[in-house]
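Residue numbers (numbering that gives the first Met the number 0), protein chains in the order written: chain A, 0 to 380; chain B, 0 to 380; chain C, 0 to 380; chain D, 0 to 380.
No wet-lab data here; the hints were simulated from the structure.
Fair warning: this is a prediction, and the values are worked out from it, not measured in the lab.
Cβ atoms here follow ideal geometry from the backbone N, Cα and C, with glycine treated the same way.
Treat each hint with caution, since some may be false.
Unchecked claim - Pairwise CB distance ranges (calculated):
| hint | chain 1 | residue 1 | chain 2 | residue 2 | range |
| --- | --- | --- | --- | --- | --- |
| 1 | C | ARG178 | B | GLU245 | 36 to 42 Å |
| 2 | B | GLY292 | D | GLN348 | 52 to 58 Å |
| 3 | A | SER45 | D | GLU67 | 50 to 56 Å |
| 4 | C | ARG178 | D | LYS273 | 53 to 59 Å |
| 5 | A | SER45 | D | TYR304 | 29 to 35 Å |
| 6 | B | ALA343 | C | ASP101 | 15 to 21 Å |
| 7 | B | GLY292 | C | GLU245 | 42 to 48 Å |
| 8 | B | ARG7 | A | LYS273 | 38 to 44 Å |
Stated by the list, open to error - Per the computed footprint, the stretches of chain B lying under chain D, defined by three or more beta-carbons under 8 Å from a beta-carbon of chain D, are:
| hint | region |
| --- | --- |
| 9 | 291-297 |
| 10 | 300-307 |
Unchecked claim - Derived, one-sided and incomplete: chain C residues facing chain B with beta-carbon distance under 7 Å:
| hint | residue |
| --- | --- |
| 11 | LEU32 |
| 12 | ARG149 |
| 13 | ARG153 |
| 14 | GLY155 |
| 15 | ALA156 |
| 16 | GLY158 |
| 17 | GLU159 |
Number of protein chains: 4
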Amino acid sequence: MSNDITARRLRAGIVGGGRGAFIGSVHRIAAELDGQATVVAGAMSSDPAVARESAAAWFLERSYDSFEAMAREEASRPDGIDFVIVATPNHLHFPVVNAFLDAGIHVICDKPLAHTLEDAEQLARKVASGKTLFALTHTYTGYPAVREARELVRTGALGEVRKVLVEYQQDWLMEPLERAGNKQAEWRTDPARAGLSCCVGDIGTHAENLLEYITGQSIKSLCADLTSFVPGRRLDDDASILLRLEGGAKGTLVCSQIACGEENNLWIRVYGTKAGLEWHQQEPNTLILKRAGEPWRLLRTGAGYMSDAAKAVTRTPGGHPEGYLEAFANLYRAFIADIRRVNAGLPPQGGYADVNDGLRGMKFIIRAVESSAQGARWIEL
Amino acid sequence: MSNDITARRLRAGIVGGGRGAFIGSVHRIAAELDGQATVVAGAMSSDPAVARESAAAWFLERSYDSFEAMAREEASRPDGIDFVIVATPNHLHFPVVNAFLDAGIHVICDKPLAHTLEDAEQLARKVASGKTLFALTHTYTGYPAVREARELVRTGALGEVRKVLVEYQQDWLMEPLERAGNKQAEWRTDPARAGLSCCVGDIGTHAENLLEYITGQSIKSLCADLTSFVPGRRLDDDASILLRLEGGAKGTLVCSQIACGEENNLWIRVYGTKAGLEWHQQEPNTLILKRAGEPWRLLRTGAGYMSDAAKAVTRTPGGHPEGYLEAFANLYRAFIADIRRVNAGLPPQGGYADVNDGLRGMKFIIRAVESSAQGARWIEL
Amino acid sequence: MSNDITARRLRAGIVGGGRGAFIGSVHRIAAELDGQATVVAGAMSSDPAVARESAAAWFLERSYDSFEAMAREEASRPDGIDFVIVATPNHLHFPVVNAFLDAGIHVICDKPLAHTLEDAEQLARKVASGKTLFALTHTYTGYPAVREARELVRTGALGEVRKVLVEYQQDWLMEPLERAGNKQAEWRTDPARAGLSCCVGDIGTHAENLLEYITGQSIKSLCADLTSFVPGRRLDDDASILLRLEGGAKGTLVCSQIACGEENNLWIRVYGTKAGLEWHQQEPNTLILKRAGEPWRLLRTGAGYMSDAAKAVTRTPGGHPEGYLEAFANLYRAFIADIRRVNAGLPPQGGYADVNDGLRGMKFIIRAVESSAQGARWIEL
Amino acid sequence: MSNDITARRLRAGIVGGGRGAFIGSVHRIAAELDGQATVVAGAMSSDPAVARESAAAWFLERSYDSFEAMAREEASRPDGIDFVIVATPNHLHFPVVNAFLDAGIHVICDKPLAHTLEDAEQLARKVASGKTLFALTHTYTGYPAVREARELVRTGALGEVRKVLVEYQQDWLMEPLERAGNKQAEWRTDPARAGLSCCVGDIGTHAENLLEYITGQSIKSLCADLTSFVPGRRLDDDASILLRLEGGAKGTLVCSQIACGEENNLWIRVYGTKAGLEWHQQEPNTLILKRAGEPWRLLRTGAGYMSDAAKAVTRTPGGHPEGYLEAFANLYRAFIADIRRVNAGLPPQGGYADVNDGLRGMKFIIRAVESSAQGARWIEL
């Protein structure tokens, strides 16, 4: 296979995501979906046997026992990987990202960016000072309808934004799964591996990112009431947060992992002086536009009237539903396009969360935890 | 017509609700819907000409120029009214209710109970010490699906309640209608006639009542961020409120009159340790029950599996939608049944908001305004 | 009470609708809802004891043991009823309507018009040649959103109508209730009392009426496949019908009483050259408008942008749901307005199904049964 | 790359699907989604320049100017393709499939199977007599919720099926696009390339396949009314069809390409003696189960309570929506698994439409056209 990047699919590696981790397959599918990349190498588990098995199941060409070895060797091979996917638990994001950035290999990483603000800031400085690309997989901004929503706000269709309501409701932690052998629950509720927060860190930060992405406004201050409803749990599994945005809008961010009966219910409403909008991740191909004094309009992914911003991330005609994997793949599509672009000497164009978004997400988590610890009082972000 | 209350429809009077006030017709329809009462007398406007015209349009037998005269004369007539409907702007609730209580005439009154906490407490004492019945029209608790929701919580189907989310979104005050001649907007945004609050007082209190009605729990403390988004408006038109309930649950109450595109979007979600539930006032005949680990169930008004509590307030078979007027009429049905009951020497049974609910609503409004005025800090209710 | 019709509520009588018949209360509520009429007399059951009990429960002033006596006596009283409500099983429609028409009392009657085409035609001739008003309660045309739908077609918003799909799905006859003592099921599945058809006669005719009402087009021919799915049942409980309309449109009418899980699921879609529309009786306050190449619009009862035709039959602001009883009451409102109009020497204006609509409904039932009996072949209507 | 099929992704080729044909990318994405195959060769257009450009855009290793050359050469290469994807217009299905079957290369092909019944039968015989696998891409049976639906019927949850209603509504041919240069519209409305039917052949056959797949019953007879609503169009763009199934159920199949405002609205309802079910392709992750006398249940893709049949084709947890591409990929997953199975000497297991389904689809199209041509009379299938 040619090594001319313009004439071939990119070569990708993955750290983490081995057997049992749902997110591993999601990354592989998303990375490869547009036929622009193939995962060829991996350090898929800290357990070498699991790593090898996982790599074999994916027909990977090269399996490593450690991410350090992988970064080092891939960087030196003529047919080494063009980028690496970081799909480990949170506490490993920093060392893994660091290692690949140092090796000059482009990085795409799960959120949150790091374990501490200091680590996150260090990564941000490193990315800013280098030429290696970095992307954070805030999946939900990859949906065409979310792109449309952002475009509607950006072009003034909503007028001035007044009220923002964003929620992320799940129930998968409503029982103490971390004491029943569930690996995903174990690390997410363990301060050593998850960081300061479970619920806000895992899903609240997606809600925060979505809100800021669509409105184009930053959260200025917040008042957060975090709770651990499940007895014995060491981190929050629920949060209710009042928000004030820099543009003057107000609102709430509510996230929960104990909302009985909810699957992955991320949704958002934005109300402006001219129109409102509403979007539900679980039925992602419809965007509701509520113009003042007019009937609600149901904007649909794939329709001819959608903006170029939405069309650019749409693969199928209207009525052929796209979902989570396609949204995820849209981040990869933009990231891979940027790799091709910088390879051709052109500046990157983005289209995915970057290290600064990751830094904001970290601050959001930290401030929410602080606010709550102080009795739910207002804190500047 | 016989004056034996068991052999005839009751006779009702109305104060307020004249020409142009949508709520007047709503009261008349609701009061008469079950064929248990007829509106026969009224003091329908402070403008005598409007009062007379309105009464004639309704074929009322007696029209009064003042509520004082009406209370006095109806109390002394052998065929006087059995109860009075109070449908005036907020600031008149106190004197009108007072007058009819003093005249020994049963009273059913729009919320909020009064203009100040002192007035409300005075009315509460008067009702408590007398034999005259008093009902507050918290319409939304009249829906069969709301009765079912309350029953589900009461009988333990939800387990222990953890999270409560209630919203009431409208947009009718998103423009400064009070400066464009809209009477309804004028008095609702005028502190002299509406009281301390517009949005929280007018609709937030419905949300508070609904939440407490369904959960059977009282709000213990709140942290409220009220806003007047429309320039020049003297009272709030939006609020985001964090809640803590006495039973340990937490949640949010969000209400707005500037939520562009929303009509009368009151809805609630309650999440417990065993199940969650969700109800929308705008599609009121469906109650969503979300048992842990099971498919969502769509419970429907009129279905055979509904509880007796719901069936008791249902008039049509499943699939024949009931709406706002029927919900309102359910309050009247219970109130009228209580009038018949006390007339027969039996104790009243309720089934409608009473003066204590009204008092709680007043406290909620006052505390929300206080909390917000102090920078949105926590206040005990 | 004055006998001047302009200064009082009208006086109504009712035949049928006694204890146990849900439709009786529906008629009373609908007739009285707008404060324009009061039911004062009745022959509510062929069983005199039931008739008297039912009348007493409603506080009626006069109860009759037979409809013949009622027609005769009410016609001769100075304070006799202004109109009669006919809410009997189908086979009694003809004699009852006949009796009251002969007595010169305005009639509002449940569908279908009669038991046989001959009877229906005789009634039609009688109504045409006299001055007594006649209305048929095709309830579903009373919904504001249905009025809007008709208006959209009438004003050309849909362009030329091409395809029409109407359905009425229920499940209440999916078991042989007629052999388990259910009175409603007994007469509806009994050819002697229901006529030629159960399902098509009871609900298919509502679908047919709705389709013709909205499109303004008549059914030209049909091909009907009727079935009795429940063993031993003597009349159809299900039908699938191909339709061709006079304007060139085609489509289907599907109705069933064995569609497991369905309550009262009447709904319609109309597709034209410029737009389509969709309406569901069970969520009646939303009308979906589908303009070519544009997002679907959700038109809502009570909104400012609705047509005058819809506003004229709307009682509450947007978001305060109206339902089945209000739709029913809209027929009464128009019928009563016509009684007042003819009393004032003005011509009636309609706004409800008339005797000719009833005649068309009869033909539809008869032709559907014929078509099916001949192996489901095409028949002109 | 190893040629041991157990240690590598399969190699796929594609005929058709070049630039501008949406279905080409869909096939590539679906074929590759699970990391079990890579498209490496193609004869992507009858125009050699387009073929080469399309192949380069996909980084294919080998591009051919004709499918005949491709079949011949790939069959003789040691690293030749393991299977071929046929994504051409309908009239080419027969020769292309034939060529690859003759070359001993497994075939997965778009529906309909062929242009004429004779061709279809010839292919069926060839597949039956050989060892080469053949799959037809009836995409919609790949959805997890459809698998669940079939499982519910199969295991008796619905009881005996009585009524079936299936629809496929689109509007993309509501204008004469075939005269405006739209290639997709041109061949689909051209009898020489599309065959006997446009609408029934293109989408009606999907509806037929879905119905038979879920119910496990075959259509016994039909009565079809086909129409060309767009002036000048040579094939049908709309059909309304009455159905009788072999098990005694009845119902309708309605499909249209002129249903203004509809995108790709395929949906189905099945009503049995114990329960009904409902599924919508445009919101494919929800299956509505309607048990007699119980609340509707919303079964959700990815939930723990789903059957193994559904779980086997689910990639993401509940609430992470899967869509059209994943459904399509499920057919490829089963097809590829069968290739690996026969390669290991095991019998194929299916899990995709086969040549007999294709034959039934052809018969359905032909009989529907015949029925309509005879004035919409009943015809046995």
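Going through the hints against the structure:
no., hint, in the structure
1, ARG178/C - GLU245/B: 36 to 42 Å, "violated, 54 Å"
2, GLY292/B - GLN348/D: 52 to 58 Å, "violated, 30 Å"
3, SER45/A - GLU67/D: 50 to 56 Å, "holds, 53 Å"
4, ARG178/C - LYS273/D: 53 to 59 Å, "violated, 19 Å"
5, SER45/A - TYR304/D: 29 to 35 Å, "holds, 33 Å"
6, ALA343/B - ASP101/C: 15 to 21 Å, "violated, 45 Å"
7, GLY292/B - GLU245/C: 42 to 48 Å, "violated, 54 Å"
8, ARG7/B - LYS273/A: 38 to 44 Å, "violated, 55 Å"
9, 291-297, "holds (count 6)"
10, 300-307, "holds (count 3)"
11, LEU32, "holds, 6 Å"
12, ARG149, "violated, 20 Å"
13, ARG153, "violated, 25 Å"
14, GLY155, "violated, 27 Å"
15, ALA156, "violated, 22 Å"
16, GLY158, "violated, 28 Å"
17, GLU159, "violated, 32 Å"
The structure shown violates the earlier hints numbered 1, 2, 4, 6, 7, 8, 12, 13, 14, 15, 16, 17.
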